[in-house]
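Asks: Sequence:
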Amino acid sequence: MRIKVYIIICFFCMVSTILQAQKTITFFAADGLEITADVYDTDVESSKYMLLFHQAEYSRGEFQQIATRLIKIGFTCIAVDLRYGNEVNFVNNETAMRAKKGGFASSMIDCEKDIAAAISYVKTLDTKPRIFLMGSSFSASLCLKTANERNDIEAVIGFSPGEFFGAELSIEESIRGLQTPYFVGCPRSEHYYVLQLLSGTQSKKKIVFKPEGSDGLHGAKTLWWESATRDEFWLSLLFFLKDFK
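Going by our numbering, 188 is the number at position 170 of the sequence shown; the sequence numbering is gapless.
Just so you know, these hints were derived from the structure itself, not from any lab. Treat each hint with caution, since some may be false.
As the list claims (entries may be wrong) - Quick list of in silico lysine-lysine cross-link-like pairs, DSS-like style, CA-CA up to 25 Å:
id, residue 1, residue 2
1, 222, 260
2, 146, 90
3, 90, 260
4, 41, 141
5, 146, 260
6, 90, 263
7, 41, 146
8, 224, 263
9, 224, 260
10, 224, 146
11, 90, 41
12, 263, 146
13, 222, 146
14, 146, 223
15, 141, 263
16, 223, 263
17, 260, 223
18, 223, 90
To be verified - Ranges between beta-carbon positions, derived for each pair:
id, residue 1, residue 2, range
19, 206, 256, 15 to 23 Å
20, 65, 230, 31 to 39 Å
21, 194, 225, 13 to 21 Å
Backbone N, C-alpha and C define an ideal beta-carbon position, used for all residues, glycine too.
Using the sequences and the accompanying hints, generate a full structural model.
Replies: The following block contains the structure:
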């Protein structure tokens, strides 16, 4: 009986979170692929936009809980379905399905086109947007790389970045010299590896966080309510974000 009650409570919590998504929109990447995203509007007057990119085999559903917390501190959140993905939290990756059906290139590296398209989309919403990128796993790596190649990104939040691209792309080299502020979080088991990855960056404002309570989860799901380390990660992340008024 207790298990049934727990399941029902979880279901209604999930539905309540889903309803927080103000609207689902689409825009187009440079190669013509239509990209799906969920927009979570903040009630606070703000020009800050947090673009949220999921980990491999996931969808924009990775950020249901995360976005509903970020909008409370003044960020309009846009959770994007990248072309490399599948499903999570009962949310299918519509972009990945279109990419497969249409024969679009859809490797992890090809998701750079989707990140660039999301940035361009934000610029149609606001004349002077303050753009923040949040990535999870492979997309965290691409967000750091993107920030190092552009001058219109205010900060990057990355969870569990790494070398996921083989000989095709070295993230350590691609982010060498990065000056954009960043927050990078990872499990304790990944910490040494992440420090090496970031060793060539030159950002003056940065936090590289590992939890103390337990190892932590890979990617942005370490912020989910069911994560044992969520409070530690949220506290450190909010401390980082407080300076971006």
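Asks: Take the hints in turn and mark each one as holding or not.
Replies: Hint by hint, here is what the structure shows:
With a C-alpha separation of about 16 Å, the suggested pairing of residue 222 with residue 260 holds against the 25 Å cut-off. Annotation: proposed proximity of residue 146 to residue 90 holds, straight-line Cα distance about 21 Å (limit 25 Å). Restraint check for residue 90 and residue 260: the C-alpha separation of about 12 Å stays at or below 25 Å, so the hint holds. Taken as a hint, the residue 41 and residue 141 pair is honoured in the structure, with Cα atoms around 18 Å apart against an allowance of 25 Å.
For the hint linking residue 146 to residue 260, the alpha-carbon distance of about 20 Å falls within 25 Å, and the restraint holds. A hinted pair counts as satisfied when its Cα atoms are at most 25 Å apart, and residue 90 with residue 263 qualifies at roughly 13 Å. For a cut-off of 25 Å, the pair hint linking residue 41 to residue 146 stands: about 22 Å separates their Cα positions. At roughly 16 Å between alpha-carbon atoms, residue 224 and residue 263 fall within 25 Å of each other, so this suggested pair holds.
Straight-line distance between C-alpha atoms of residue 224 and residue 260 comes to about 13 Å, which keeps the hinted pair within the 25 Å bound. Simply put, residue 224 and residue 146 have alpha-carbon atoms about 24 Å apart, close enough for the 25 Å limit, and the pair holds. For a cut-off of 25 Å, the pair hint linking residue 90 to residue 41 stands: about 17 Å separates their Cα positions. Using a Cα cut-off of 25 Å, the hinted pair residue 263 and residue 146 holds, with the two alpha carbons roughly 15 Å apart.
The hinted pair formed by residue 222 and residue 146 meets the criterion: a straight-line CA distance of about 24 Å does not exceed 25 Å. The straight-line distance between the Cα atoms of residue 146 and residue 223 is roughly 22 Å, inside the 25 Å bound, and the hint therefore holds. Taking the CA atoms of residue 141 and residue 263, the gap is near 20 Å; set against the 25 Å cutoff, the hint holds. Straight-line distance between C-alpha atoms of residue 223 and residue 263 comes to about 15 Å, which keeps the hinted pair within the 25 Å bound.
Under the criterion of a C-alpha separation no larger than 25 Å, the hint pairing residue 260 with residue 223 is consistent with the structure, at around 12 Å. For the hint pairing residue 223 with residue 90, the CA-to-CA distance comes to about 23 Å; that is within 25 Å, so the pair holds. Checked against the hint of 15 to 23 Å, the pair residue 206 and residue 256 passes, with Cβ atoms roughly 20 Å apart. A C-beta distance of roughly 35 Å is found between residue 65 and residue 230, which places it inside the suggested range of 31 to 39 Å.
For residue 194 and residue 225, the Cβ-Cβ distance of about 19 Å falls inside the hinted range of 13 to 21 Å, so the restraint holds.
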